[in-house]
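Chains as they are written, first to last, in UniProt numbering: chain A, 1 to 284; chain B, 1 to 277.
Worth double-checking, as some hints may not be accurate.
Unchecked claim - In silico lysine to aspartate or glutamate, DMTMM-like type, Cα no more than 20 Å apart, as pairs:
#	chain 1	residue 1	chain 2	residue 2
1	A	LYS259	B	GLU265
2	A	LYS81	A	GLU2
3	B	LYS18	A	GLU101
As the list claims (entries may be wrong) - Just so you have them, the derived chain B footprint on chain A, three or more residues with Cβ under 8 Å:
#	segment
4	92-100
5	172-184
6	251-258
7	268-278
Claimed, not checked - The following residues of chain A were derived to be distant from chain B, with all beta-carbon distances above 12 Å:
#	residue
8	GLU214
9	SER235
10	ASP264
Just so you know, these hints were derived from the structure itself, not from any lab. The C-beta atom is built at its ideal place from N, Cα and C for all residues, glycine as well.
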Amino acid sequence: MEITFEHVTHSYDANSPMANLGLDDVSLKINDKKFTAIVGQTGSGKSTLVRHINALLKPTAGKIIVGDRVITSETNNKNLKPLRKKVGMVFQFPESQLFEETVEKDIMFGPMNFGFSESEAKDAAHKMIELVGLNQDYLQKSPFDLSGGQMRRVAIAGVLASNPETIILDEPTAGLDPVGRHEIMDLFKSLQTKGKTIILITHNMDDVANYADEMAVMSQGKLVASGLPSDVFNSQKLLEDDLLTLPQSAQFAQSLAKKYFQFDKLPITIDELSAEIKQQVNGD
Amino acid sequence: MEKIISIKNLNYTYPDSKKPAINNLTVDIYKNEWLSIVGKNGSGKSTLTKLIDGLIDADSGTIEIDGQEINEKNIWEVRTKIGIVFQNPDHQFVGATVEDDVAFGLENQGMPREQMVKEVDHALELVGMHKFKKRDPQTLSGGQKQRVAIAGVLATRPQIIIMDESTSMLDPEGRRTVLNLIQELRQQQDLTIISITHDISETELSQRIVVLNDGQIVRDDIPRNIYDMGTDLSKYGLEEPFSDELMSTLRNSVELPESYLNEEELMKRLWKLRSNM
Ligand SMILES: Nc1ncnc2c1ncn2[C@@H]1O[C@H](COP(=O)(O)OP(=O)(O)OP(=O)(O)O)[C@@H](O)[C@H]1O
Ligand SMILES: Nc1ncnc2c1ncn2[C@@H]1O[C@H](COP(=O)(O)OP(=O)(O)OP(=O)(O)O)[C@@H](O)[C@H]1O
Ligand SMILES: [Mg+2]
Ligand SMILES: [Mg+2]
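Could you put together the complete structure from these sequences and hints?
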């Protein structure tokens, strides 16, 4: 589904003296079936932005168009189920998403809520738990008797189980061990190649460079850049204004360029970097 | 070196669980060191933290803190020496506002109000959250919550700080700033830092890395030797530092040494190769 933000502003506590702008006039198009990364400093509005896509938050002004749905400040809370069936969201803190007695029931909740039969939901739970790197033994445990990273995996399984068209991931790999992080990122990428739209909030710029087709940069509630990662990470302006951190490969290339080396465009992945170095060292 | 924590033959199995979460673990932690604890999800890192703070009681084994073996009677006193930033900051918040929340630990210490206000302001300034002091902590963004949780611990000025993945939701710049701050405090105030992390670049700040697996310590060494474990790293859920990964991809066509080089060393090596061309 294509998702379009048109001049979206969100004011928290709009009527109180503590009012603050979570989003400030954001216009952005998120393309269908693409892997889009959203980055930006702490408090820049990333979580606020994505919560508008399934109408967990309503805009104070402007509108969001999600497929054939339009969300405005007037949108009421009735009849949001079809939207939420299409747009699944893994929250920033996985515990906020877990509530059933067992992991199995927890993963089954979404699918059953969206019309799967009990046996279909059970099958989905058994399949998903393995996909997120846990074995079947975990299904009968309480989701609260798990380690942080295990909870995260269960929360991801729960969202994937209902097979949503668009998957929003709010820092889904925070708390995962590095091996798990790569596995889960590969899983998201494979879902995208099978036709899903992936929206990923992350602070890991290497993951952006390695997995995302497109990226958006937020700062103080505003969208400050969007485009291809290779272009955005090469934007002098963003770097000078400290709105963006480079992937490790680009940082390394930048330092390397202090002597003898020269890069027309900063490499953003380790493969690009190593190809450049080989060429410049060996002259081939 | 003076021991600040000494753990001997520690065992713990959660009720209803078959497998021990901590399995005959022995380790000494020294005053003023920065120790990283790493390992797979579920390897026992957070459980160890809870045992050190007496939030759960070991099935067997002993924990000595600053020369005192912890037991039911002295746990409250011992706990004032330790500040823990828990993995999920939501579990830590008790106050209705950010400033109340940070003040909570100080109130418990019986600090006079005037001094308390000063300490709270100071701690919030250190982590860059001063502007948010009137806010309900529940309404903060993920990274803002983590900063406030860190302030809450800094305010009580403990001798030992345990950070359980407490910078996992900070942006790269913010993470660097907070870790540098902790490093400075460690040097100035003789603090001991135990940092649980999945971020391999963060471990470069530490003097020693302990690798946990299935509740046991499988490696205990200086960072450089840990990074040199090569493919064994992934067995324990870890990844190579960036410079190592880059070296592996370069090795087939660029001449490089076998052992670990940090980024600076690698860069110098590449400059040399390039200048010889
Ligand atoms: N319920 C709320 N009430 C008032 N302000 C809020 C609320 N939720 C968020 N904010 C504020 O809005 C701003 C944007 O928050 P948001 O959670 O979208 O940030 P973020 O980019 O996701 O940050 P992080 O990377 O730290 O998670 C922050 O300054 C935050 O404090
Ligand atoms: N409250 C609990 N009840 C029962 N088992 C638990 C509980 N908390 C954790 N466990 C189990 O104990 C083991 C160790 O968990 P712990 O939380 O210490 O892991 P961790 O190393 O901190 O992992 P992570 O990196 O995911 O945070 C795991 O297998 C976990 O499932
Ligand atoms: Mg957020
Ligand atoms: Mg943990």
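Right, here's what the structure says about each hint:
1. With a C-alpha separation of about 14 Å, the suggested pairing of LYS259 of chain A with GLU265 of chain B holds against the 20 Å cut-off.
2. Taken as a hint, the LYS81 of chain A and GLU2 of chain A pair is honoured in the structure, with Cα atoms around 18 Å apart against an allowance of 20 Å.
3. Of the supplied pair hints, the one linking LYS18 of chain B and GLU101 of chain A holds, its CA atoms being roughly 19 Å apart against a limit of 20 Å.
4. Counting residues of the segment 92-100 of chain A whose C-beta sits closer than 8 Å to any C-beta of chain B gives 4, which meets the bar of three, so the coverage hint holds.
5. For the segment 172-184 of chain A, the proposed coverage by chain B is satisfied: 9 residues have a C-beta within less than 8 Å of a C-beta in that chain, meeting the threshold of three.
6. A count of 3 residues in the segment 251-258 of chain A with a Cβ less than 8 Å from any Cβ of chain B is obtained; the coverage claim is therefore met, three being the minimum.
7. Only residues whose beta carbon comes within less than 8 Å of a beta carbon in chain B count, and the segment 268-278 of chain A has 6; three or more means the coverage holds.
8. Look at GLU214 of chain A: its CB is around 19 Å from the nearest CB on chain B, clear of 12 Å, so calling it non-interface holds up.
9. In this structure SER235 of chain A is separated from chain B by more than 12 Å, as the shortest Cβ-Cβ distance comes to about 16 Å.
10. A cut-off of 12 Å between C-beta atoms confirms that ASP264 of chain A is not in contact with chain B; the least separation is 16 Å.
When held up to the earlier numbered hints, the structure conflicts with none and fits them all.
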